[in-house]
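**Student:** Residues per chain are reported as follows:
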Amino acid sequence: MADELYLENIDEFVTDQNRVVTYKWLSFTLGVHVNQAKQMLYDYVERKRKETSGAQLHVTYLVAGNLLQNGYVCHKVAVVREDKLEAMKSKLSTITSVHVYSIQKALLKDSSPLYNTDYDIVKSNLQHCSKFSAIHCAAAVPRTPPDAPRAPAQSPQSQRDPDSAGAVNGHGPPAAKAPPQQQRGIMGMFAAKAAAKPQDTPKESKAEAKEAPGVSATSSKPSIKNNIMNNFFGKAAMNKLKASSVPEQPKEEKEVVKPSIAVAEPEASPNTVAEKPGKKAESARIQQKDKRSKMKRVDRSDDEEERDPENVKKKRKRIKQLQSDSSDEEADVPPSPTPEEERAPSPPPVPALKTELEPASTEGSAGGRKRKWKRVLKSKMFIDEEEGCMGKTG
Amino acid sequence: MFSEQAAPTAQGLLAPPSAEPPTFPRVPVLGYLDCSQPFQLGERSFSRQYAHIYAVRLAGMRPGLERCARSQWGNDIVLRKLSELQAGEKCCVVGTLFKAMQLQPSILQEISEEHNLVPQPPLPKYIQPSDELILEDELQRIKLEGAIDVQRLVTGTILAVYGSEQDDGRFLVEDHCFADLPPPLPWNGPSSDRFVLLASGLGLGSVSGEALLSTQLLVDMVTGQLGAEGEQSCAAHIIRIILAGNLLSQNTQSRDTINKAKYLTKKTQAASVEAVKMLDEILLQLSTSVPVDVMPGEFDPTNYTLPQQPLHRCMLPLASAYTTLHLVTNPYQANLDGVRFLGTSGQNISDIFKYSSMDDYLEILEWTLQAGHISPTAPDTLGCYPFYKSDPFILTECPHVYFCGNAPHFQSKLLQGKEGQRVLLVTVPDFSATQTACLVNLRDLTCQPITFSGFGADNED
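Respectively, the protein sequence lines represent chains B and X. 823 is the number of the first residue of the first sequence in my numbering; add one for each residue after it. 134 is the number of the first residue of the second sequence in my numbering; add one for each residue after it.
Among the hints, a few may not be true.
To be verified - Not everything, but these chain X residues come out facing chain B in the computed CB check (under 8 Å): (1) 140; (2) 146; (3) 147; (4) 341; (5) 342; (6) 349; (7) 357; (8) 417; (9) 421; (10) 584.
Source of the hints: derived by calculation from the structure; they are not laboratory data. For glycine and all other residues, C-beta sits at the position ideal for the given N, C-alpha and C.
All chains, please: the whole structure from these sequences, using the hints.
**Tutor:** Right, dumping it as structure tokens:
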């Protein structure tokens, strides 16, 4: 019957694959409660020993109990080989549990294979390591991503909304959020960066999901003019913004993220302002307003998407691969270089690095396609300030 | 006793698989309040001198000491400052102790060129018979002699001495007293068995892997995977785990990168990186099942001076996703279900151990409680933040559970105070060396050690 399947499974694991089958490994592999796994192991041992007397099976047991030691009643939990089981049981004054810990073909010299087996199986099941456990804790809930990074994640998002809307008070909901978020802009950026790292994947998806509705609401507004805010977005925000940009087809916005510098950009509004004063290139984003900006169609979608994973992975990398669409950009960019020269107030070494979002002239923002902020590294001269930059950002 | 009621079903799992095995809900924490705000530093400025901390310490403890002195030696004793002393007059003076030790490592001696000294190697104890005690107050200092145990006391203790000044300028002590136990807190403990697991010195990242299986067994037992059903249901009564420091091993502290040439160390990763990843995984397993408080210790990646600030959550990305993980300061103070916990990761106790003749960690722990100060040797021999407004290490309320981590072995004692204080003193042993953790029962303030073991090549158990 179905119950017997586990016997065959264990048989296969132990004899054919020559594994060390611990109760925890079995529980994860077969998807059963740990206690059931222990009982299965026991059952298997019993049957196997009955049928084939020459079974080459070595079993380790877990014994736990109370023991008087140094004047204290000590609770002892030990993994013992079968031959030492009775000796250990006799040492304990009270036995509180005995069960099979593992089965393997070979005699174990020490307990490191047991540890390794358990370590490996837990490592591959980290997200639900307590799924088959006998204790369930109601309080152990993961923080929801917006909460976990403590609002900074939210600020970039919400900041994006006003930005996309252009005017701060463009829309009710985003507008309301705008002022506080803007204050938190810089902090938000930092936080977003910090948060983005561990949480890029979930955040991105969430962010995108969130952004989409928010942005579409604002899409109608020409956001253009408010580049001032642009600089405060964190990378994560940028990613999310990308997503939102897709729905808001008419314009794509790019945000220039200034990790630490407020770019008092007078918006080269129609232009994408890209600047990255000596900081990680990634953080610099260009904000574009398509409406006004005649040129740039930020095609962040495509490139950004590709870029995104790399951006995400290599947050600290400041140099992105040079994009080959310089030709495209040249046309659009003429106005940009000038405003772009905003330097951070802090005295970074010659920033010289500009990142611009690639004009989406060719790609065009396909509606419905998630756009990711893509940072295009313009082929400008840059000073390889890696050490410095790393130091700075570190 | 933990899991004694599990005995009847002990062998229950030595049977063929039964029907749906039970799952026990973790007993929730009824009330948790983190009281370590005094130990959390916001903006830190190191521009002040350390004299201020001694000044506020003395000012903060003086009233209590004067009260104790009066109750011990009579209401009519004369309390004098050192500047008001008159030769031969029996009086009581409250001040800070300073122990002049010859062997005390002194940075000035080390760098002094005229001595050309090789830096002294670290010794287990720095006491010598020739040490002297000096009492200092706000303005003056005076040498002490007489009925006072020079070897036992350490610098930084605030005490009251009763005696008289001699002609040679020394103060002859007839008796002395400490601040004694602080006032008791009301008891609101739970009425059913609830356990808190105290463990310290996990020592991840060490070269030897012996303690790894024991650590895994600890995690498994607490998360309810290990043991028979009875034991698992008892483990569900563990409401919290407190990890008291030294999560990383001392091996991760090697500073090769400083001493070796850069081309040799350029691509090497600090040992602590790997160790912290391992710690993250262990904490994740724990956090999915039980609330965890993580205190930093001597070898953990946080600041060196006391009070140590919590580990940063960015180092533990997997585990800090759970609300059950709490990264807390060292020392740590909290109200758990009405029971006040106060403890450190052991640096204060081990520092006193080095400069005092007291050998027993439990004795030292009790002594700090009697002296009314968590760490009197800070900032003299133990790094400390230069407080200037108030000294947060002064004990103002008597905790119910007072522990220190990274002790050589497990000890516990229930101390009864004169004003009805009941304190459970626990020295939490170093897990990487002893594979022992402690279970404190909040209902009756008892403590039981738990030992984990695997089997090694040498076949000993």
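**Student:** Could you run down the list of hints and mark each one as holding or not?
**Tutor:** So, going through the hints one by one against the coordinates:
1. 140: holds (5 Å)
2. 146: holds (4 Å)
3. 147: holds (5 Å)
4. 341: Result: violated, 11 Å to nearest chain B Cβ.
5. 342: For residue 342 (chain X), the interface hint holds, since the closest Cβ of chain B sits about 6 Å away, which is under 8 Å.
6. 349: Interface hint status for residue 349 (chain X): holds (6 Å vs cutoff 8 Å).
7. 357: holds (3 Å)
8. 417: Holds, because the Cβ-Cβ distance from residue 417 (chain X) to chain B comes to roughly 6 Å (cut-off 8 Å).
9. 421: holds (4 Å)
10. 584: holds (5 Å)
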